[in-house]
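Chemist: Here is how the chains run, residue by residue.
6 protein chains.
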Amino acid sequence: MKEFTHIDEKGRAKMVDVTDKGETKREAIAYGQIKLKDSTLERIKNGQIEKGAVLETARVAGIMGVKKTAELIPMCHPLLITGIDIKFEFENATTLGIYATVRTTGKTGVEMEAFTGVSIAALTVYDMCKAVDKDMVIKNIKLLKKTGGKSGTYVRENGE
Amino acid sequence: MKEFTHIDEKGRAKMVDVTDKGETKREAIAYGQIKLKDSTLERIKNGQIEKGAVLETARVAGIMGVKKTAELIPMCHPLLITGIDIKFEFENATTLGIYATVRTTGKTGVEMEAFTGVSIAALTVYDMCKAVDKDMVIKNIKLLKKTGGKSGTYVRENGE
Amino acid sequence: MKEFTHIDEKGRAKMVDVTDKGETKREAIAYGQIKLKDSTLERIKNGQIEKGAVLETARVAGIMGVKKTAELIPMCHPLLITGIDIKFEFENATTLGIYATVRTTGKTGVEMEAFTGVSIAALTVYDMCKAVDKDMVIKNIKLLKKTGGKSGTYVRENGE
Amino acid sequence: MKEFTHIDEKGRAKMVDVTDKGETKREAIAYGQIKLKDSTLERIKNGQIEKGAVLETARVAGIMGVKKTAELIPMCHPLLITGIDIKFEFENATTLGIYATVRTTGKTGVEMEAFTGVSIAALTVYDMCKAVDKDMVIKNIKLLKKTGGKSGTYVRENGE
Amino acid sequence: MKEFTHIDEKGRAKMVDVTDKGETKREAIAYGQIKLKDSTLERIKNGQIEKGAVLETARVAGIMGVKKTAELIPMCHPLLITGIDIKFEFENATTLGIYATVRTTGKTGVEMEAFTGVSIAALTVYDMCKAVDKDMVIKNIKLLKKTGGKSGTYVRENGE
Amino acid sequence: MKEFTHIDEKGRAKMVDVTDKGETKREAIAYGQIKLKDSTLERIKNGQIEKGAVLETARVAGIMGVKKTAELIPMCHPLLITGIDIKFEFENATTLGIYATVRTTGKTGVEMEAFTGVSIAALTVYDMCKAVDKDMVIKNIKLLKKTGGKSGTYVRENGE
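Chains as they are written, first to last, in full-length UniProt numbering: chain A, 1 to 160; chain B, 1 to 160; chain C, 1 to 160; chain D, 1 to 160; chain E, 1 to 160; chain F, 1 to 160.
To be clear, the hints were calculated from the coordinates, so they are not data collected in a lab.
Each hint should be verified, as a subset may be incorrect.
It does not matter which identical chain is meant; a pair holds if it fits inside one copy or across any two.
[Stated by the list, open to error] For lysine to any residue, the following SDA-like pairs were computed, each having C-alpha atoms within a straight-line distance of at most 20 Å: (1) Lys37 with Arg156; (2) Lys145 with Arg12; (3) Lys145 with Thr19; (4) Lys45 with Gly11; (5) Lys35 with Gly83; (6) Lys37 with Ala93; (7) Lys45 with Glu91; (8) Lys107 with Asn140.
Please build the complete structure, drawing on both the sequences and the hints.
Modeler: Shown next as structure tokens:
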């Protein structure tokens, strides 16, 4: 049976020792959604100016958030991130999709970094739009894919 | 029609000027869920030791995350947070609920702080358990309630 | 003769005690320039897409930098910034102007915050363009105006 | 024609992917000036006590600022800085020169780190002296030299 | 019987709610010692140049550390610190004393800020000298005095 | 005679250049104590709920503090920490011992990281308990062991 690697033998949290692991090339892609009123999404989508500001600000925030992961998540190892890409997709009239791809060469994976990128980008979209829409919901933040490392490749199967 | 307060007249992001707003007592409650395998939740829930570590670590991370909100969300105003409470609820065999209540006396509301608390707590639960469950999904992060300030009280109506 | 307020009687650095100062409404406007190759500025200026990215990223970085001032400048007092606005101006074929306006109600002024906003925005422009132009120069960072506080209003006179 | 490496094909900011670049030894030297009243510079220069405090505080701030570069500049890659040196030079009666030398072994260069070191050191000098001189100007922040990496050595030619 | 104010009714950590507390003027003085080899202290003490560097660097670090308290100590409330003073005393041939005085007007006290100032200054002295002395010991960090707030004045009685 | 490696030839602080040092596996163990009233320690120790909260919060804070070392101690090099473990020991009726073990593979040692972990954990215990005990003293923070690097293994001999 797999073990919780962040819990030591007495149930105390610790940062897993990865000193002896080798460095491998790693990538993780996380995804999430924000559900908004259609009028809010319309204003982001069609208003060329506003769109630039909302999504561009959220993208910058997400990228900077990725770099703060080890500072935010207690047991995360610091890593030298070598690539970050945050993308938005208008999925339907009320749903904005967010994708964060993170890459590194290191001893541990970057899924938490990708998750953090999606989360901070989503929170920033909420913040930019909350004056006109307080009902937004951040949904379905999940790992899409993960490569590199001893545990090998993970690809989420269809649906949730 | 309401305006995007973080976008100036030319569509450029700016931090809204609240210099002349009065200080009022404010509270916000945000909520979110993590969906896990029942075996993962069972290990968190029944294992007295592990539960302490996972949820306690997530609680501390969430509280510290609340205090970092203005550093993470570009247009957020810094605030002197005066109270933070993060609670977990085992909603069913595969769902963990997270509640963050944040209070301050200040010129702007604390909904982003409450959202950030829920998000960082959720990411920490993911991080603590990801060795045994990579399929977890963070869901339905939303504002439950907000009081104080000129815009008055917001209470989310039933359902989403 | 005026005294260096950050230096105590024995020449040691300290954070000036402002405990007994009253809170007043304060504003500071700082300014700076970046000198670039005309081809670089042209690419920022005319390329609608690139322009959005370079200046929008620099604006977000500048706003976030303002909020980090007390963390960067050792003797600066933490302040609850209530408004930040960063503007860019194409001054001539090779010069980009940057203006940062910062507001607060507090016990000390916000000129360092405005300076930090200009500096971080300028560094970000440099970073975004350095692949095509390593000769850029950041120039003439200075205080344009300062209001509020016991020392009263400061307005820079013409020229330097 | 060279491309803006931080802008992706649709004009969106991203952190350039350097995963596959090799690690090389790198150094960058940046430079800048502060123009002060001669009486201000005299007080820094001749007052043995004050000089220690102003320049030593600025040096420490500059070194700590270098280490914060990837947190301040959105698209900068985190790097394990292996050496930082900040030097001051009294260039003439009203001009203080600042040099920052930064070294690492890594996948990207350290010019932004050197620029940040000069900028934060300059801002700190301004902060330490602003009670006696609000007219100071930070000038001519530029890259003097850069070695290592695929793009090879850059040395600024005489003058600007 | 007094209660642990950071522990809620079920033993879970939370940030104590101080929303309804009034703001009062507050001060705290913390103290600590470093025990070094006499040759190490001699080098700090007599070497005019080195002394400047070691203690001045430690003082700047301590002041910056004070401002980071709420980021380091999970349940600490953020405060607008209004004054910080770090002093060193050569107590005897092998002992360096450190005093941190912190002031604010706020809803909670600043003893943790004063403690953090002493601790970070002490760690910095250790770091600056560890190449010549690995046996240093940081000792007797304690609260000397605390004024302001509902709990009134605390003054440590003689000795420990 | 050994030299202060953080002080350059003119007595100015600098970050030691380790660019050309090789990477070796490194470990450091630091230790410290808190002296509390026996009633305070009893409440931490026997109260199953409170114990979880106090020590678990302190452990998380200590681990996160380790990762902030290079941000807190001016001349410390950033390192990719690969393992952190914080342990508490009830030494006697009034003394809590704290051990921090830190590991990395890098160019410089991790003793400052271990010291920072002990210090932040101790400060957090103080913060959690200060409502019931203001007389606590943090004592005897020292290096127990250090391995790796050119200077070889250090083991503290018996006693102080």
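Chemist: At most 20 Å between alpha carbons: which applies to Lys45 and Glu91, within, between, both or neither?
Modeler: Within one copy, since 11 Å is at most 20 Å while 31 Å is not.
Chemist: When no copy is specified for Lys145 and Thr19, does a C-alpha distance of 20 Å or less occur within a copy, between copies, both, or neither?
Modeler: This pair counts as between: shortest inter-copy Cα distance 17 Å, intra-copy 25 Å.
Chemist: My question is about Lys37 and Arg156: at a cut-off of 20 Å on alpha-carbon distance, are they close within one copy, between copies, both, or neither?
Modeler: between (29 Å within a copy, 14 Å between copies)
Chemist: With identical chains, the pair Lys107 and Asn140 could be close in the same copy or across copies; at 20 Å between alpha carbons, which is it: within, between, both, or neither?
Modeler: Intra 28 Å, inter 32 Å, cutoff 20 Å: neither.
Chemist: Within a copy, between copies, both or neither: which one fits Lys45 and Gly11 at a CA-CA cutoff of 20 Å?
Modeler: between (48 Å within a copy, 13 Å between copies)
Chemist: Pop the pair Lys37 and Ala93 into one bin, within, between, both or neither, using alpha-carbon distances up to 20 Å.
Modeler: Close inside one copy (8 Å), not across copies (31 Å); limit 20 Å.
Chemist: State whether the alpha carbon distance between Lys145 and Arg12 is at most 20 Å within one copy, between copies, both, or neither.
Modeler: This pair counts as neither: shortest intra-copy Cα distance 30 Å, inter-copy 23 Å.
Chemist: Since the copies are identical, ignore which copy is meant and state whether Lys35 and Gly83 lie within 20 Å (CA to CA) inside a copy, between copies, both or neither.
Modeler: neither (28 Å within a copy, 29 Å between copies)
In this structure, the hints that do not hold are numbers 2, 5 and 8, in rising order.
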